[in-house]
Structures are given as C-alpha cells and as structure tokens.
Amino acid sequence: EAGVAQSPRYKIIEKRQSVAFWCNPISGHATLYWYQQILGQGPKLLIQFQNNGVVDDSQLPKDRFSAERLKGVDSTLKIQPAKLEDSAVYLCASSLWGTANTGELFFGEGSRLTVL
Amino acid sequence: GENVEQHPSTLSVQEGDSAVIKCTYSDSASNYFPWYKQELGKGPQLIIDIRSNVGEKKDQRIAVTLNKTAKHFSLHITETQPEDSAVYFCAASVKDMRFGAGTRLTVKP
Numbered sequence: 001e002a003g004v005a006q007s008p009r010y011k012i013i014e015k016r017q018s019v020a021f022w023c024n025p026i027s028g029h030a031t032l033y034w035y036q037q038i039l040g041q042g043p044k045l046l047i048q049f050q051n052n053g054v055v056d057d058s059q060l061p062k063d064r065f066s067a068e069r070l071k072g073v074d075s076t077l078k079i080q081p082a083k084l085e086d087s088a089v090y091l092c093a094s095s096l097w098g099t100a101n102t103g104e105l106f107f108g109e110g111s112r113l114t115v116l
Numbered sequence: 001g002e003n004v005e006q007h008p009s010t011l012s013v014q015e016g017d018s019a020v021i022k023c024t025y026s027d028s029a030s031n032y033f034p035w036y037k038q039e040l041g042k043g044p045q046l047i048i049d050i051r052s053n054v055g056e057k058k059d060q061r062i063a064v065t066l067n068k069t070a071k072h073f074s075l076h077i078t079e080t081q082p083e084d085s086a087v088y089f090c091a092a093s094v095k096d097m098r099f100g101a102g103t104r105l106t107v108k109p
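Protein chains in written order, with my numbering: chain C, 1 to 116; chain H, 1 to 109.
Read the hints as simulated data drawn from the structure, not as lab findings. There's no promise every hint is true.
Stated by the list, open to error - Restricting the straight-line Cα-Cα distance to at most 25 Å, the calculated cross-link-like pairs of lysine to aspartate or glutamate (DMTMM-like) are: (1) H:LYS37 / C:GLU68; (2) C:LYS44 / H:ASP84; (3) H:LYS37 / C:GLU14; (4) C:LYS44 / H:ASP27; (5) H:LYS22 / C:GLU104; (6) C:LYS44 / H:ASP96; (7) H:LYS95 / C:ASP57; (8) C:LYS44 / C:GLU68; (9) H:LYS95 / C:ASP56; (10) C:LYS78 / C:ASP56; (11) C:LYS15 / C:ASP57; (12) C:LYS62 / H:GLU2; (13) C:LYS15 / C:ASP63; (14) C:LYS44 / H:GLU15; (15) H:LYS37 / C:ASP63; (16) H:LYS95 / C:GLU104; (17) C:LYS11 / H:GLU39; (18) H:LYS42 / C:ASP63.
Unchecked claim - Now the stretches of chain C that chain H is said to cover, found in silico as 3 or more residues with beta-carbon under 8 Å: (19) 44-52; (20) 71-77.
Everything numeric in this text was worked out from a predicted model, so none of it was measured. Beta carbons: idealized from backbone N, C-alpha and C, even for Gly.
Model the full structure from these sequences, guided by the hints.
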C-alpha cells in the first residue's frame, strides 16, 4: 500500500516570497491534516480536512497560510508571504476515519522549508 | 484547548536497559493517547496507542500506561536496542491530535 506522498521534500526561499506544498494521502482516507513541526518541537496542527471540507483551522495563520483539498483527495498548503519563523517541516497526514481520536495518523516524510 | 507536556526532553540509556517517557495532558475529555516514533528525515510513525477505557497496553517490548485521574500516561521500552534510538512523541486527542514536544532517546551499544 502506498503511503502519504509529499512534495517538494526541500524548499529554500527568501522572506516575503511564496511557496506551495502538495500532499497525496493514502487512498480511501477520509481525513487529511497539515502539521507544522519547528525544529525541536512536536507537530502542531494547522488544518484538518474531512473529505473536502475544513474541520478545524483554528491554528492556521490565515493572513498568510491557505490550504485546500481538491475533490476530497490531494491537498495543497500555501504560504504567502513567507516569514523567517515559517522555517519548519510541514507534515501531511491522513487517517481512515472521520476524526483524529479514532485511529492512527499516517504521516508523509514532510517538506522542509527554509526561509532566508 | 488540550496541552500536552512531555518529559524528559532527552534520554540516554545503555543497550538492554529500560526507558520510560512520561506525558501529562490538560483536557479531561481526551480519550485517545498514541505514541509516535520519528526517525531522522522521516515522518512520525505510530508505535502504540491506548484509549481511555484501558489502563495498560503492551506490545512485545513496548508498553503504555494511563492514569486518567492524574491525567498522565507513560511509555515503557524494555530491553532497549540501538535501533530504538529516535525521537518519541506522545499525543492526546479529543477531536484533534495535540503532540508533546518530544523525547530524544539514545541507546548506547
């Protein structure tokens, strides 16, 4: 079974530029999550989708971050304009069930963003 | 919202010894407590989980205990091996998953 696919793996940009990350979840998984993991910290939830609807985006900095899930499958996370503090690994995860507390999250390998 | 604290931040043990990592959570409504292992350059991977109606769960060398009254849970790894070296995260969940800051475990051969 194919895992969660993310691209690009690495991205270096200058502050105020824009960047987009792509995620393809495991086939059949209803729920998709984007997490931000700053070096030395645990993953922090940015946004949770169930199918193509947003369940929770309370921690998403909406002035600069946006995300969408196309047709309930793939998802993109965009940052515009980027700030130095956005340097982090952006993890995409998916789960079979509708809410996080019912089972395992399957994570991709992440997209490492460096903002100079 | 839920707040998860994890200790210690780093842990070094000799091969064959046991390792214990502890977490506390704030939201008494949390009912699902997974543990994830993250190796360098990889995403976190589930190693064991426990639900709030169970006090202890074991899977070979790994065990998790949960004390709902005190709102804390722990990961126990016995007979540690060098391949257990990684960063371990606890998490607690009501409707979204909140992670602890992680414990870097080093197992010395």
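Sort out which numbered hints this structure fails and list those numbers smallest first. 1, 3, 14, 15, 18 and 20
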